[in-house]
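For the protein sequence lines, the chains are X and E, in the order given. Note that numbering that gives the first Met the number 0 has the first sequence beginning at 0, numbered continuously upward. Note that numbering that gives the first Met the number 0 has the second sequence beginning at 0, numbered continuously upward.
These are computed hints drawn from the structure, not numbers from a lab. Please note that the accuracy of each hint is not assured.
Stated by the list, open to error - Calculated pairs, SDA-like style, for lysine to any residue (alpha carbon to alpha carbon, straight line, at most 25 Å):
#	chain 1	residue 1	chain 2	residue 2
1	E	Lys130	X	Pro12
2	E	Lys130	X	Ala38
3	E	Lys130	X	Gly39
4	E	Lys130	X	Gln76
5	E	Lys130	E	Thr49
6	E	Lys130	X	Gln32
7	E	Lys130	X	Pro17
8	E	Lys130	E	Arg194
9	E	Lys130	X	Glu14
10	E	Lys130	X	Glu16
11	E	Lys130	X	Asn73
12	E	Lys130	X	Val64
13	E	Lys130	X	Tyr13
14	E	Lys130	E	Pro112
15	E	Lys130	X	Thr79
16	E	Lys130	E	Glu158
17	E	Lys130	X	Arg29
18	E	Lys130	E	Phe68
19	E	Lys130	E	Thr53
20	E	Lys130	X	Val5
21	E	Lys130	X	Arg40
22	E	Lys130	X	Ile4
23	E	Lys130	X	Asn63
24	E	Lys130	X	Gly18
25	E	Lys130	X	Leu7
26	E	Lys130	X	Gln28
27	E	Lys130	E	Gly80
28	E	Lys130	X	Arg72
29	E	Lys130	X	Ala57
30	E	Lys130	X	Pro37
31	E	Lys130	X	Ser27
32	E	Lys130	X	Arg30
33	E	Lys130	X	Met75
Claimed, not checked - Residues of chain E placed beyond 12 Å of chain X at every Cβ, according to the derived structure:
#	residue
34	Pro24
35	Gly36
36	Gly91
37	Ile93
38	Val176
39	Arg177
40	Asn201
Bear in mind the structure is a predicted one, so any value in this text is a computation, not a measurement. Think of the CB as a built atom: it goes at the ideal place given N, C-alpha and C, for glycine as much as any other residue.
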Amino acid sequence: MAEPIVILVDGVPYEAEPGQTVAAVLLSQRRWQFGCSPAGRPRGPLCGMGTCFECAVAIDGIPNVRACLEPVRNGMQVVTGA
Amino acid sequence: MRERADVVVIGAGPAGIAAACGAAPVRRVVMLDGAPGTGGQIWRHRTRATLGRTARRWLARLDRSGVEFRGGVSVTEVGRGRIGWTSRRGHGVIDAETIVLATGAREHYLPFPGWTLPGVMGVGGLQAFIKNGMSVSGLRIVLAGSGPLLLPVAAACVEAGAEVVCIVEQAPARQLVRFGAGLWRHPWKIVEAARYRLQSLNVPLYTGSWVQQVTSSAGQLVVERAASGDVERIRCDILAAGFGLVPNTELAQLAGCAVEDGRVRVNERQETSVPGILAAGETTGIAGADAALVEGRIAGSMAAGRAASEELPLARRAGQQQFAAALQRDFALRRELLSLASPETIICRCEDVRRSALDASWDARHAKLMTRAGMGPCQGRVCAPAMAALFGWDFPAVRLPALPASVAALCDHCATITHVEAGA
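Input sequences plus hints: build the corresponding full structure.
Okay, structure coming up:
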């Protein structure tokens, strides 16, 4: 059995499976909004393949990381702009 | 960081894998991809058990090939014999004898009122999220847009426990039938199988119909589906909308390779117009994974310094071209779709540029200068094809860096380039 993976999203712990991306974990929790547009309107992931940058979040202090390209790691800290 | 490789393959989908495997026996090959793992879009996977036999065979071959794969890497520049890259772990420049562009394709989006709401995503986007472990169980999903991807994705949603409320295909039924009866057998087989499955599950497929607007209400989306004068309102959790594929030609453009009709121009040896730069797969035209493998194998032979003799690509190439032509013809966008965006509708999502702000412009470059459309993090990858469809504008020129990079990465990179050019 693989170790359980827990990631913190805006301080809230979520369980994740190995190989999931951060975006997949958030979407599985029915969180559609990941951030805001420059004018402050709610936005969520669009393309799922690293093209659109609409899923950009901060991960372990690094801003503008595309959640759709980032595999989960235990203890990862995710901060959305939502 | 500065290093040398014989061959750098950009993109780890079928074309990139075939090219890398072909070159690896005799060359040092580095393969880069933005995603953490190999497979590209079509072979995206968490475990290989979910993949078909061809995909598993190629991935196993890649494992044994000695190719050095680096995931999570954004390529910010491609020039003659040189690649600039950045990732979360750092950045650098690779000098390479041969570069293979296997950058694939992305989804084509058309703006309509509400398309920027959270919960509205691409069809290929939704498929990618599911493959990466998104649970859709219990969700109400509407799939809309156009193209052969709609049906297999709908079937995948149903299999994963979602309720697919309906599929909304803008092409009329007679064109779908014509596409189905087309010459290219293999990609259609997948679509046909999905159609049977969906029929048996009673998922309604509306043809000649489209989503004209989506709003949000009480935590759900309300989709307005239009068909010949009527409007139906549908509540759902997710609206997935996509209108086919667009080849990713940005790196080729940056390298100065000739791009025609939105595709990288290659000859029968997969050579672009720039010496030392090959291209293979969807970046040279949308033709599916089988064609990408053929092109990748040829590119691999070329990169290994062998003539591409073992394959006779001409018949396959003709088949590809027929498939691409059938796609364009049978899934041609209807005029109604191009007037859905209202003056308030956002066209450039990165910079929040509305349609009304673009009215005064006459081309994408002017729009970029006046409104910042296409200047955000995606660098026009989403809005340029939309503006091409809506206004008939060519894509604007690609500027360095092709993807967001830190100032440190840019400085290092520029220092390297200057050094190279001063020394040359």
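Hints and how they fare:
As the CA atoms of Lys130 of chain E and Pro12 of chain X are separated by approximately 23 Å, the hinted pair is consistent with the 25 Å bound. A hinted pair counts as satisfied when its Cα atoms are at most 25 Å apart, and Lys130 of chain E with Ala38 of chain X does not qualify at roughly 32 Å. Of the pairs offered as hints, the one joining Lys130 of chain E and Gly39 of chain X is violated, with about 30 Å between alpha carbons and a cut-off of 25 Å exceeded. Between Lys130 of chain E and Gln76 of chain X, the direct Cα distance comes to roughly 23 Å. Compliance with the 25 Å bound is thereby established for this hinted pair.
For the suggested pair Lys130 of chain E and Thr49 of chain E, the alpha carbons sit about 9 Å apart, so the restraint of at most 25 Å is met. Taken as a hint, the Lys130 of chain E and Gln32 of chain X pair is honoured in the structure, with Cα atoms around 20 Å apart against an allowance of 25 Å. Restraint check: the Cα-Cα separation between Lys130 of chain E and Pro17 of chain X comes to about 13 Å, which is no more than 25 Å; the hinted pair holds. A threshold of 25 Å between alpha carbons decides the hint, and for Lys130 of chain E with Arg194 of chain E the separation of about 20 Å falls inside it, so the pair holds.
About 18 Å separates the Cα atoms of Lys130 of chain E and Glu14 of chain X, which keeps this hinted pair within 25 Å; it holds. For the suggested pair Lys130 of chain E and Glu16 of chain X, the alpha carbons sit about 13 Å apart, so the restraint of at most 25 Å is met. Of the supplied pair hints, the one linking Lys130 of chain E and Asn73 of chain X holds, its CA atoms being roughly 20 Å apart against a limit of 25 Å. Distance restraint check for Lys130 of chain E and Val64 of chain X: the Cα-Cα separation of roughly 20 Å lies within the 25 Å cut-off, and the hinted pair is therefore satisfied.
Only pairs whose Cα atoms come within 25 Å are accepted, and Lys130 of chain E paired with Tyr13 of chain X is accepted, the gap being roughly 19 Å. As the CA atoms of Lys130 of chain E and Pro112 of chain E are separated by approximately 28 Å, the hinted pair breaks the 25 Å bound. A hinted pair counts as satisfied when its Cα atoms are at most 25 Å apart, and Lys130 of chain E with Thr79 of chain X qualifies at roughly 22 Å. The hinted pair formed by Lys130 of chain E and Glu158 of chain E meets the criterion: a straight-line CA distance of about 12 Å does not exceed 25 Å.
A hinted pair counts as satisfied when its Cα atoms are at most 25 Å apart, and Lys130 of chain E with Arg29 of chain X qualifies at roughly 16 Å. At roughly 21 Å between alpha-carbon atoms, Lys130 of chain E and Phe68 of chain E fall within 25 Å of each other, so this suggested pair holds. About 18 Å separates the Cα atoms of Lys130 of chain E and Thr53 of chain E, which keeps this hinted pair within 25 Å; it holds. At roughly 20 Å between alpha-carbon atoms, Lys130 of chain E and Val5 of chain X fall within 25 Å of each other, so this suggested pair holds.
Restraint check: the Cα-Cα separation between Lys130 of chain E and Arg40 of chain X comes to about 28 Å, which exceeds 25 Å; the hinted pair is violated. Distance restraint check for Lys130 of chain E and Ile4 of chain X: the Cα-Cα separation of roughly 18 Å lies within the 25 Å cut-off, and the hinted pair is therefore satisfied. Distance restraint check for Lys130 of chain E and Asn63 of chain X: the Cα-Cα separation of roughly 23 Å lies within the 25 Å cut-off, and the hinted pair is therefore satisfied. Proposed proximity of Lys130 of chain E and Gly18 of chain X is supported: the alpha carbons are some 10 Å apart, at most 25 Å.
Between the alpha carbons of Lys130 of chain E and Leu7 of chain X the distance comes to roughly 22 Å, so the proposed pair stays at or under 25 Å and holds. At most 25 Å may separate the alpha-carbon atoms for a hinted pair to count; Lys130 of chain E and Gln28 of chain X meet this at roughly 16 Å. A hinted pair counts as satisfied when its Cα atoms are at most 25 Å apart, and Lys130 of chain E with Gly80 of chain E does not qualify at roughly 35 Å. With a C-alpha separation of about 18 Å, the suggested pair Lys130 of chain E and Arg72 of chain X falls inside the 25 Å cut-off, and the hint holds.
For the hint pairing Lys130 of chain E with Ala57 of chain X, the CA-to-CA distance comes to about 23 Å; that is within 25 Å, so the pair holds. In summary, the hint linking Lys130 of chain E to Pro37 of chain X is not supported, as the alpha carbons are separated by about 30 Å, beyond the 25 Å threshold. With a CA separation close to 12 Å, the supplied pair Lys130 of chain E and Ser27 of chain X stays within the 25 Å bound. Distance hint between Lys130 of chain E and Arg30 of chain X is fulfilled; the C-alpha atoms sit about 17 Å from each other, no more than 25 Å.
This hinted pair checks out: Lys130 of chain E and Met75 of chain X have alpha carbons roughly 21 Å apart, not beyond 25 Å. Separation of Pro24 of chain E from chain X is adequate, the least Cβ-Cβ distance of about 30 Å exceeding the 12 Å criterion. Its closest Cβ contact with chain X, about 8 Å, brings Gly36 of chain E to no more than 12 Å, contrary to its assignment away from the interface. Its beta-carbon lying about 18 Å from the closest one in chain X, Gly91 of chain E satisfies the requirement of being farther than 12 Å from that chain.
In this structure Ile93 of chain E is separated from chain X by more than 12 Å, as the shortest Cβ-Cβ distance comes to about 20 Å. With a least beta-carbon separation of about 30 Å from chain X, Val176 of chain E lies farther than 12 Å from that chain, consistent with its non-interface assignment. For Arg177 of chain E, the condition that its CB be more than 12 Å from all CB atoms of chain X holds, with the nearest at approximately 29 Å. Separation of Asn201 of chain E from chain X is adequate, the least Cβ-Cβ distance of about 25 Å exceeding the 12 Å criterion.
Violated hints for the displayed structure, listed by number in ascending order: 2, 3, 14, 21, 27, 30, 35.
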